[in-house]
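Let chain A serve as the given structure and place chain B on it in line with the hints.
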Amino acid sequence: MVGISGYGTQIPRYRIKVEEIAKVWGTDAPAYRRGMNLNEKSVPAPDEDVGTLSVNAAYNALARSGIAPKDIGAVYVGSESHPYAVKPTGTMVAEAIGACPHVHTASLEFACKAGTEGMFIGTQMVQAGRVANVLAIGADTSQGAPGDALEYSAAAGAAAFVISTKNIVAELLDTDCYMTDTPDFWRRPYSHYPAHGGRFTGEPAYFKHVEGATNAMLARAKMKPSDFDYVIFHQPNGKFPVVVAKKLGFKEPQYRHGLLTPVLGNTYSGSSPLGLAATLDEAKPGQLILLVSYGSGAGSDAFIFKTTKRLLEVRDLAPRVRKQLDEHKYYLEYGQYAKNRGKILRAE
Amino acid sequence: MSIPRHWREIPRRYRLEAGKCKKCKVINFPSRLVCPECGGKTFETVKLSGKGKLDTFTIIRVAPEGFGDEVPYAVGIIDLKDGVRLMAQITDCDPTTLKTGDKLVAKFRKVQEDGKNGIIKYGYKFVPDVGV
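Residue numbers (our numbering), protein chains in the order written: chain A, 1 to 348; chain B, 1001 to 1132.
For reference, chain A alone in the conformation it holds in the complex (with noise of 0.2 Å):
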């Protein structure tokens, strides 16, 4: 059998709402959180970085877990704001935990997908003996553009994984993929921001290729959505994951407790990883769960798990992510948050 056996998150402390940014471009907040339902997000403080945020929510994963972090065969990352451009996340993060120098590492960049991808590298491998135990990680300080849509949802937050065969909460039961060329995001070299195709990221893009992993994978394990007790999918933002559920068959209470956006905004590379931990916090023993990630470019991964009576027995080892998410904020204002960002222009 081959699972999860710990998973952990971290999410900074500051928020900012999206009054505080419609305030400063012009725009109608209202139209946001109607519109995309998005209220508030999250913002990594001056000393938090892709690094720091993946090694804090490895060691909640660790802690439900119970592996010794020597134990750990490779260390996978996924993001698209990796601290260096070229030096590795993922050996800060084995040596912070202790599992150097016996462990492999790699930085993983699939816009939004990176972290499901190190969960899918990491399952395989597992499956295949290859190693013993992997630790998967999704985390990014996203960027958005000063005045961009995206500046009302790109948000910061980490989710990480131990996946095993020992110690299981949720049995991977299946694992399907869907891939094409399609560009309707990037970031190119030396770029500070992303750009997109504005609509295109929509119905060619996130619904084309969510639709498309989560349809394989349903014909795959002969599966249809109603058997599902859960169902988590990569959420830009908080619309587009709740009109893809609902066109695809997918009842609210499936997709509620996974459905975090509204109020932490697109974390990128952890969204739908956070998603998954926060219905871990939530789910009971023996149910089934759905997680489809999204990223452009384009693709998406899709996971079936299943949940162990274990996951009752570690859950409260770490912080839950509605603990995280919902108490001990600070709420900042568009120049703060600018400056914690480095979106102004200083003296050299």
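Please keep in mind that the hints were generated in silico from the structure rather than gathered at the bench.
All C-beta atoms in this analysis are idealised placements derived from N, C-alpha and C, irrespective of residue type, glycine included.
Where hints are given, some of them may not hold.
As the list claims (entries may be wrong) - Calculated Cβ distances over 12 Å to all of chain A for the following chain B residues:
| hint | residue |
| --- | --- |
| 1 | 1034 |
| 2 | 1037 |
| 3 | 1086 |
| 4 | 1109 |
What the hints assert, rightly or not - Quick look at which bits of chain A chain B covers, simulated, 3 or more residues with Cβ under 8 Å:
| hint | stretch |
| --- | --- |
| 5 | 37-47 |
| 6 | 50-58 |
| 7 | 319-329 |
To be verified - Using 35 Å as the maximum straight-line C-alpha spacing, the simulated DSBU-like pairs for lysine-lysine come out as follows:
| hint | chain 1 | residue 1 | chain 2 | residue 2 |
| --- | --- | --- | --- | --- |
| 8 | B | 1051 | A | 329 |
| 9 | A | 339 | B | 1121 |
| 10 | A | 323 | B | 1110 |
| 11 | A | 23 | B | 1107 |
| 12 | B | 1121 | B | 1025 |
| 13 | B | 1047 | B | 1099 |
| 14 | B | 1099 | A | 166 |
| 15 | A | 339 | A | 17 |
| 16 | A | 284 | B | 1103 |
| 17 | B | 1103 | A | 339 |
Chain B alone, transformed into the frame defined by chain A:
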């Protein structure tokens, strides 16, 4: 701080590794070659819990180079459960609300950057222990 020094100090900065004297059992942080308590020269590497209480602190409003963007911030002396006292930056809080005796917990954070093109130095800082 030079790159080699930062690299040498990774075990204690990243993982709070300390040296427990095999003779008198006192935990030294950072680890030493000779135990200041008993003169012992053999140590066992132990990882500190990262949990403790704030003993005393000051609020930095005029920061040294590289820390200016973070003012005001607190630097405190923390009594760890392991019997170790250490000094660290305290983050994720309004420093004016801190009180001695507050429960704190270590987090992995960026400590310093060598400008935009240099290395990023990571290590421990402390935050209020509120379970998030």
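Does the claim that residue 1037 of chain B lies outside the interface with chain A hold up, using a Cβ gap greater than 12 Å? Non-interface label on residue 1037 of chain B holds, nearest chain A Cβ at 27 Å vs cutoff 12 Å.
CA of residue 1099 of chain B to CA of residue 166 of chain A, is that 35 Å or under? Given that 35 Å is the threshold and the Cα spacing comes to 43 Å, the pair is violated.
Annotated coverage of the stretch 319-329 of chain A by chain B, confirmed only when three residues or more have a Cβ within 8 Å: Contact hint for the stretch 319-329 of chain A vs chain B: holds, 5 residues under 8 Å.
Please check whether the stretch 37-47 of chain A has three or more residues whose CB lies within less than 8 Å of a CB on chain B. holds (count 3)
Does residue 1109 of chain B sit more than 12 Å from chain A, CB to CB? For residue 1109 of chain B, whose nearest Cβ neighbour in chain A is about 4 Å away, the distance does not exceed 12 Å, so it is violated.
If you count the residues of the stretch 50-58 of chain A with a beta-carbon closer than 8 Å to a beta-carbon of chain B, do you get 3 or more? Coverage by chain B holds for the stretch 50-58 of chain A (4 residues, Cβ < 8 Å).
Hinted pair residue 1103 of chain B and residue 339 of chain A, Cα distance within 35 Å: holds, 29 Å
Restraint status (C-alpha distance of residue 284 of chain A to residue 1103 of chain B at most 35 Å): Within the cut-off at roughly 33 Å; holds.
Compare the distance between the alpha carbons of residue 339 of chain A and residue 17 of chain A with 35 Å, and conclude whether the hinted pair is satisfied. Judged against 35 Å, a Cα distance of about 16 Å means the pair holds.
Please work out if residue 1121 of chain B and residue 1025 of chain B have their alpha carbons no farther apart than 35 Å. Holds, at about 31 Å.
Is it true that the CA of residue 323 of chain A sits at most 35 Å from the CA of residue 1110 of chain B? The hint holds at about 24 Å.
Between the alpha carbons of residue 23 of chain A and residue 1107 of chain B, is the straight-line distance 35 Å or under? With Cα atoms ~34 Å apart, residue 23 of chain A and residue 1107 of chain B stay inside 35 Å; holds.
Hint check: violations occur at hints 4, 14; the rest are consistent with the structure.
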